[in-house]
Amino acid sequence: MSFKRLSISISFAVFALYGGLILSLLYYYDGAMFLETLGSARTLFSIRLSLFTATVSTIIAVVVAIPSAYALSRFRFFGRQLIDTILELPMIVSPVALGAVILVFFNTPAGSFIQDHGVRFIFTIYGIFLAQFITTVGIAIRLIKAAMDEIPVRYEEVARTLGASPSKAFLTVTLPLCKRGIIASSILTWAKALGEFGATITIAGSMAMKTETIPVAIFMRLASADIEGTVVLVLMLIGMGMGILYGVRVLTGKALPV
Amino acid sequence: MPKIDLRNITGQALKDVSLSIEDKEILALVGPNGAGKTTLLNVVAGLIGYRGEVLFDGVAMDRVPPHKRGVGYLFQDLALFPHLSVAGNIGYGLRVRRFPRDVIDRRVEELMEALHVGKLRDRFPYNLSGGEKQRVAIARAIAPFQKILLLDEPTANLDAQTAKYFRSELSVFLRRLEITTIFVIHDLLGAEEMADRIAIMHQGSIEQVSKPGDILFHPRTHVVSEFIGMPNILDVDECTVLSTGLVEVRSASLRLVLPYEGTTIRKLAISPHDIYISDTKPPGPALNRYKGTIREIIPLRTLVRVKVLVDGTELLAELSRETFDEMKLAAGSTVHLIVKLRRLRYFEV
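Just so you know, the protein sequences line up as chains A and B, in that order.
Sequential numbering from 1 applies to the first sequence in this note's numbering.
Sequential numbering from 1 applies to the second sequence in this note's numbering.
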């Protein structure tokens, strides 16, 4: 078998693995149950909560990630390597462990002060934002930095000689040039936030109609041996994620004049 | 347009560079790769750190950031913004400096017209040829009414023929703008076509600053002489116009026939590279061909230079090591020299 065929076959094998697992859900699929679960107030709340929190935490993560990624991409400063390493944390540490770290923090005097005098994160929607933000911001920075690394510094130098201040050069040249990279990074960040479970359940808990996101709802159904209900929610989560990812990819796939 | 003074510039590849460029002057920086030419442009633009002083019209610029120096810079790689059209690129500097809309439109139109890119207004850089990109990049560099223009190898992306035409066009354009210009170029001939003065750089230092022609005929250091190819400089004693549009010049006992351009030739520069050497008498007319004796052989890495005595005049010729080995030349050997007529350079009055 040629190398080309071998590599294509392996990629199809991976597709078959995922496809097979998704198809296996249909074994427990019940049409009437699907509509009933989908139409229930609890499910609709979970969908709304998941979409809302994933969107908000993605916006915050991307807003924080853009300047951080720019600094890491363009400047050499003390502690740069350390920051770069820390960004790997969400990738190497389990989300539950990250959630536990946050939980422990809110049980320290500093954390208690924030809880008492600022925003209450534990068992609230703010906890979901925080969990999703913490688990996605590192990845967002990494992805956006990769997009910025692709843009030669020379464009900014040209902009500077033409009268643009550093921030203006960034806003008028670098940012538009890595627009596609930022959009792609945002989509992946959003998808990661939408499926976030470990840190969310650790910080925000699993209170129905309050902090129950779709992944948490899936866990709750599974825990109560409700296989059919679980299948419905899993299919919904997959459908939502894939649909939006595909849609945005098509929308942003239009060739830019670059 | 300001006068530029560089005082004791040190840093990166530069070693204590001091240089003054007069108001509206066009100065060429010439030198081999790694001489520090582009680094010096970056210092003037304020894009890199340095020690020393940069003054525009006597005002220190060392703490002035690049966007406030008023220096237009044509980078060697042009770096046209890929997300902006031709008009967008040219107008960029005017927009970030918040010029009124009508001023921007007028200036962009005027520059597109002057640099013959008017028809390309809405095209994007990926859709332009090398020459078109060059013109757009120059228009962009000067659009925001810059006081100084820096050009790094302005013809590097063009073929030889286009480059020659573009150099003369650019020279006329810059003189009309009356903008103080420093440009980097790697060949002396190109520099002579455009510049008021030429600075030769070598290993981070300025070796010589002279008017065009002076460098070729009066190289002040061995480094400059090496850079321009160690030309044979001959003082012309007599000039006799021949009837066929040619002139015969005599330098000591050597006689050469050259194209007659209506001027009296005082000096001749013949590059050693342009003197063929042969161990047998070449066929054909005896015009600009001489017989001589080898006085000295100077082996270099890939070349061999040979000093040949021709009727009392010493000429330096250059040939590849391979050819030299084939001919088995030695000091005292008799050889025949052929001078390439077209490559002669004159110092005229």
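Certain hints may be false.
Said to hold, decoys possible - Simulated pairs of lysine-lysine, DSS-like, Cα-Cα distance not exceeding 30 Å:
no., chain 1, residue 1, chain 2, residue 2
1, A, K168, B, K3
2, B, K211, B, K119
3, B, K147, A, K168
4, A, K179, B, K119
5, B, K68, A, K168
Stated by the list, open to error - Simulated coverage check for chain B against chain A, where a stretch passes if three residues somewhere in it have a Cβ under 8 Å from a Cβ of chain A:
no., stretch
6, 56–67
7, 182–192
In short, the hints are calculated from the structure, not lab data.
By construction, the Cβ of each residue, glycine as well, lies at the ideal position given by its N, Cα and C atoms.
For this session: Run the structure past the numbered hints and jot down the numbers of the failing ones, going up.
Result: 2, 7
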